[in-house]
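Undergrad: Sequence:
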Amino acid sequence: MVVWRKIPQQNETITFKHDLNFSHHRLLDPDPVSALAHIRKKHIEDQAMRTHKLNKSRELYRSDNTTTRHYSINPGGEYRWGRNRKKAEDELLAKRETMHGRQKRGRDYTPLFYFLVKQIGQPWDKVFSEVCGRLDTTEPVFWLVALHEHQKRDLVRIGDSSFYPGLFVDGNGILQQVNPSITGKDVKVTCRCCTHTYMGEPVPGKYE
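Residue numbering for the sequence shown follows this note's numbering, starting at 247 and increasing by one per position.
Hints are computed from structural coordinates only; laboratory data are not their basis. Hints are supplied without guarantee of correctness; some may be wrong.
[To be verified] Label pairs and their calculated CB-CB ranges:
id : residue 1 : residue 2 : range
1  : R380      : G446      : 12 to 22 Å
2  : S280      : E376      : 38 to 48 Å
3  : I285      : T383      : 37 to 47 Å
4  : H284      : Q423      : 50 to 60 Å
5  : G379      : Q422      : 19 to 29 Å
6  : S280      : E447      : 51 to 61 Å
7  : L393      : R353      : 13 to 23 Å
8  : L282      : K364      : 41 to 51 Å
9  : K287      : D416      : 47 to 57 Å
10 : T436      : H289      : 53 to 63 Å
11 : E385      : P426      : 22 to 32 Å
12 : K372      : S427      : 24 to 34 Å
What you are looking at is a predicted structure, and each value in this text was computed from that prediction instead of being measured. C-beta: ideal position from N, C-alpha, C; glycine also.
Let's have the full structure, built from the sequences with the hints guiding it.
TA: Right, here's the structure in full:
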């Protein structure tokens, strides 16, 4: 941001500060009104940029890094992600997609999962209301939060090797953890080549 040190006169050399370095420049348009207009415009642009960054930081998802090794551009859906939540009466019942359904790829909802776990003990209506304003879709919410009794899980696997505690809403409308005593030690490592994590932390387990 440019900070003017003084109001210049005709053809007068002025001094201003830019990036903590002092420089001398001859003002092309010495009109004080133009100088103030430039300052106001710059201030508005900076304010708009700060607002944009603030709103972006509130999103509970981010873009996947598709340039990493072994990344699959179409990873498909794990059955728990895509089951028909409205009609399923069995956890193994597969979801039937509509003919014109759209699949969202390249989204990482890790920030959402951290947020939900931090909201344990809070009123669900309040939590869900905030989540709705910070997501592109509410579907990932129910990857962790069980809608029905038979869907409750102590641990929920996201992707190949990321685990999070299962959540549910109790009879009082409060978000709760299915098993509060669950830890990373309860995660079973099923692959030698993958780093298993619980809440983002590597699991200190052995291959089984």
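Undergrad: Each hint needs a verdict: does it hold in this structure or not?
TA: Hints and how they fare:
no.: 1; hint: R380 - G446: 12 to 22 Å; in the structure: holds, 19 Å
no.: 2; hint: S280 - E376: 38 to 48 Å; in the structure: holds, 45 Å
no.: 3; hint: I285 - T383: 37 to 47 Å; in the structure: holds, 42 Å
no.: 4; hint: H284 - Q423: 50 to 60 Å; in the structure: holds, 55 Å
no.: 5; hint: G379 - Q422: 19 to 29 Å; in the structure: holds, 23 Å
no.: 6; hint: S280 - E447: 51 to 61 Å; in the structure: holds, 56 Å
no.: 7; hint: L393 - R353: 13 to 23 Å; in the structure: holds, 21 Å
no.: 8; hint: L282 - K364: 41 to 51 Å; in the structure: holds, 46 Å
no.: 9; hint: K287 - D416: 47 to 57 Å; in the structure: holds, 54 Å
no.: 10; hint: T436 - H289: 53 to 63 Å; in the structure: holds, 56 Å
no.: 11; hint: E385 - P426: 22 to 32 Å; in the structure: holds, 26 Å
no.: 12; hint: K372 - S427: 24 to 34 Å; in the structure: holds, 26 Å
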